[in-house]
Amino acid sequence: MTPVIEVESISKKYFIAQNSAYYKTLRESLSSFSFLKSKKEFWALRDVTFSMNPGETMGVIGVNGAGKTTLLKILSKITRPTHGKGKINGRVASLLEVGTGFHPELTGKENIYLNGVILGLKKKEIDKNFERIVEFAGVKDFLNTPIKHYSTGMWARLAFSVAAHLEPEILLIDEVLSVGDAEFQKKSLAKMNDLSRSGRTVVFVSHNMAAVRQLCTRCMLLSEGKIKKIGGVNEVIDSYLSFNERENNGTVDLINHSVRKGSLKVKLYKIELRNQNDQMSGIFYLKDDLSIHLFLEAFEPLRSVKIVVEINDSSGERICSMYDSDSGFSLKNVFGKAHVSLALKDIRFCPGRYNISVSVISEILNYKYDSYDEIENAIAFDMENQIVSDRALTRRDGLMFFTPDWHNHNQ
Amino acid sequence: MPGYEIKPAKWLSLDLKELWQYRELFWFMAWRDIKVKYKQTLLGFIWVILQPLVLMFIFSLLWTRVMKVGTVDMPYPLFAYSGLIFWGLLSSGISSASESMLANSNIIKKVYFPRIIIPASAIIIALFDFLMTLIVYLIMIFYYDLEPGFLKFTGLLLISVLITSGASFGIGLIIASATIKYRDFRYVMPFFLQTFFFLSPVVYPLSLFSSEPLRLILSLNPLAGAISICRSALSNNAVDWNTAVYGIMMTIFLLIAGLTIFRRMESQYSDLL
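Order-wise, the sequence lines are chains A and B. 1 is the number of the first residue of the first sequence in this note's numbering; add one for each residue after it. 1001 is the number of the first residue of the second sequence in this note's numbering; add one for each residue after it.
For reference, chain A alone in the conformation it holds in the complex:
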């Protein structure tokens, strides 16, 4: 049997220009020395090799930034690999987003055709499937209405419906099941199931482990651009969950943590991350509250200790240092166990993984202090991918997401 998808040591390098967007302005290029500015290399994918036979459904899982979307973009030819090669045998439809190319001014009917053609269907094929697309989306009465008047739910249903009625041999799907209400999600999952049963080869990127278990015959775990594990669905998901849970269910046991500095007069033995509902979690969304709960034990009476919490992004770049004294807080007369928490309200970090480092030290006198317990990257939290207003927020949009008050002063 010839494989439908065959890729060999595919790598993809991006440049992240320091302190600026990926594109430049002409002025920057022309102004002196800009070409000497260091550009940071970033390997989104490294040496990825795999092949798929007809009829297989491969789930692709991993934390944000592991390279899942980049892999789909390379398979679908949207972007080219830096190294490596591959071969795709069959017609491909990629679904990185539902409703790509929808135009609000055009009617539902017009958008079905436009979206279908953009996704690679021929007009004849759309004609043939038109009735079924409309029925599945349930928008029959609104076909001649411009879709700017559609509700979000109708929009999503129409978009998924067009995509689901593509009849390619190979289907590449990224997180599209997360649209619409629960009822529609169930319906679309069933539709996807049909597709994979009917002999299509599917690559399915998802954070939804239940959906991956239900749909896929094989699974690939990506981590930092490399294939960490590939094989049976349950086996790979289990190893992902345990690998991920250790760091990322929002708590970490530090009693036996070995990589630490300090005299251990005070010992940090547990950290918990909690959201605004006081639930433990390693996953946060924009505008959530993030409380960091620190559990300490002092083994001798101390008049006061000072606590510093730092947040770094996944590349190790420091985002902030928070001294307890900055907030006018200090922990006095400590002996035995203590529980301290700090709450960050309305967090605005862009999607990605963030590491928290904690230092417990003595009061600073003349720039000197005793170190009690310092643990780097003690715990991590993930900011989830998210749609904000009219776009999907990604790490490319920067580190922070702000929604300032805008004013029009011309009136």
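Because the hints were derived from the structure by calculation, they are not lab data. Glycine included, every Cβ here is placed at the ideal spot set by N, Cα and C. It cannot be assumed that every hint is accurate.
Only pairs whose alpha carbons sit at most 27 Å apart, straight line, appear in this in silico DSS-like list of lysine-lysine [said to hold, decoys possible]: (1) A:Lys13 / B:Lys1007; (2) A:Lys128 / B:Lys1035; (3) A:Lys187 / A:Lys265; (4) A:Lys226 / A:Lys267; (5) B:Lys1152 / B:Lys1007; (6) A:Lys77 / B:Lys1181; (7) B:Lys1035 / A:Lys87; (8) A:Lys85 / B:Lys1039; (9) B:Lys1109 / A:Lys148; (10) B:Lys1007 / A:Lys228; (11) A:Lys306 / A:Lys77; (12) A:Lys148 / B:Lys1181; (13) B:Lys1181 / A:Lys123; (14) A:Lys226 / B:Lys1007; (15) A:Lys187 / B:Lys1017; (16) A:Lys226 / B:Lys1017; (17) B:Lys1039 / B:Lys1181; (18) A:Lys140 / A:Lys77; (19) A:Lys187 / A:Lys148.
Which bits of chain B does chain A cover? Going by a derived footprint, with three or more residues having C-beta under 8 Å, they are [what the hints assert, rightly or not]: (20) 1017-1031; (21) 1136-1147; (22) 1265-1272.
Taking CB as the label site, the calculated pair distances span [stated by the list, open to error]: (23) A:Ser198 / B:Leu1220: 40 to 50 Å; (24) A:Trp406 / B:Trp1047: 55 to 65 Å; (25) A:Gly153 / B:Pro1148: 51 to 61 Å; (26) B:Leu1102 / A:Leu189: 32 to 42 Å; (27) B:Thr1260 / A:Val388: 31 to 41 Å; (28) B:Lys1152 / A:Lys124: 51 to 61 Å; (29) B:Asp1184 / A:Ser314: 26 to 36 Å; (30) A:Asn234 / B:Asp1184: 46 to 56 Å; (31) B:Leu1019 / A:Tyr285: 53 to 63 Å.
With chain A held as given, fit chain B onto it using these hints.
Coordinates of chain B only, in the frame set by chain A:
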């Protein structure tokens, strides 16, 4: 079996077979933009015609009252209008082609297709607008009671349209590539177009300049060739192919340059946008 190979970007490749497979997308993109344009502006059609018409009145007024600096071999309003509609084709082609890539960045980042379809379909919109302005042109020809031979008229018009849209596609491709890489290139555009307008024999005849070398340089402008070819169908002069050939050569050069630059950068677009 259809399919493709995945490999690092090559510097040059114009895959005609693939372009042919995507022909429906090309028409749909053009159809979408025309539809949206004429749907959104209530007076879309009138608006397109009004622009060259108003300019024609202004320049006719200036020509008769202020700056009659040369002689033209046909009624001046007709002379000006014929120049202005070709200028419209060129300038709106250039600006919509060069903006098209940024305007469609959401599709480019999510779906694969030959990227050249986007600027190419932008030219179709400019051509569609041109067709609208052509209606007034025909009415004016009847009004002035000119009777150009049908074959000669349409033949020369077609050649002029080909030269103009070819040049505007070529220039549009170059600017589109530049704008993706350097976003502030957009701000150069209005100045560039304005300069281009006054350097083209749109509202004045090329014969205004007596210096032979200067005339030669100005006729390197594809628009100069296109307009003079189109006008010679109305005056009874023969086409001055000796001058026009410079403009045609320039068009071919611009097309090749534009396609080369665009193709060379094509693989980077989804990463840059």
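Outcome for the supplied range 55 to 65 Å, where the beta carbon pair is tryptophan 406 of chain A and tryptophan 1047 of chain B
The hinted range 55 to 65 Å is violated for tryptophan 406 of chain A and tryptophan 1047 of chain B, with Cβ atoms some 31 Å apart.
Does lysine 1007 of chain B lie within 27 Å of lysine 226 of chain A when you go C-alpha to C-alpha?
Between lysine 226 of chain A and lysine 1007 of chain B the Cα gap is close to 18 Å, so the pair holds against 27 Å.
Could you see if the CB distance from aspartate 1184 of chain B to serine 314 of chain A stays within 26 to 36 Å?
holds, 31 Å
With a cut-off of 27 Å on the C-alpha distance, tell me whether lysine 1039 of chain B and lysine 1181 of chain B pass.
violated, 32 Å
Check whether the Cα positions of lysine 187 of chain A and lysine 148 of chain A lie no farther apart than 27 Å.
Holds, at roughly 24 Å.
Against chain A, does the segment 1017-1031 of chain B show at least 3 residues with beta-carbon separation below 8 Å?
holds (count 3)
Given the hinted pair lysine 128 of chain A and lysine 1035 of chain B, is their Cα-Cα distance within 27 Å?
Since the Cα atoms of lysine 128 of chain A and lysine 1035 of chain B sit roughly 24 Å apart, the hinted pair holds (cutoff 27 Å).
Outcome, coverage of the segment 1136-1147 of chain B by chain A - at least 3 residues whose beta-carbon is closer than 8 Å to one in that chain
Check failed, 0 qualifying residues.
Do the alpha carbons of lysine 148 of chain A and lysine 1181 of chain B lie within 27 Å of each other, as the hint requires?
violated, 32 Å
Holds or violated: lysine 1035 of chain B and lysine 87 of chain A, Cα atoms, limit 27 Å.
Since the Cα atoms of lysine 1035 of chain B and lysine 87 of chain A sit roughly 38 Å apart, the hinted pair is violated (cutoff 27 Å).
Lysine 1152 of chain B and lysine 124 of chain A, beta-carbon distance inside 51 to 61 Å?
violated, 41 Å
Is it true that the C-beta distance of threonine 1260 of chain B to valine 388 of chain A lies inside 31 to 41 Å, as the hint says?
holds, 39 Å
In summary, the numbered hints that this structure violates are 3, 4, 5, 7, 8, 11, 12, 13, 15, 16, 17, 18, 21, 23, 24, 28 and 31.
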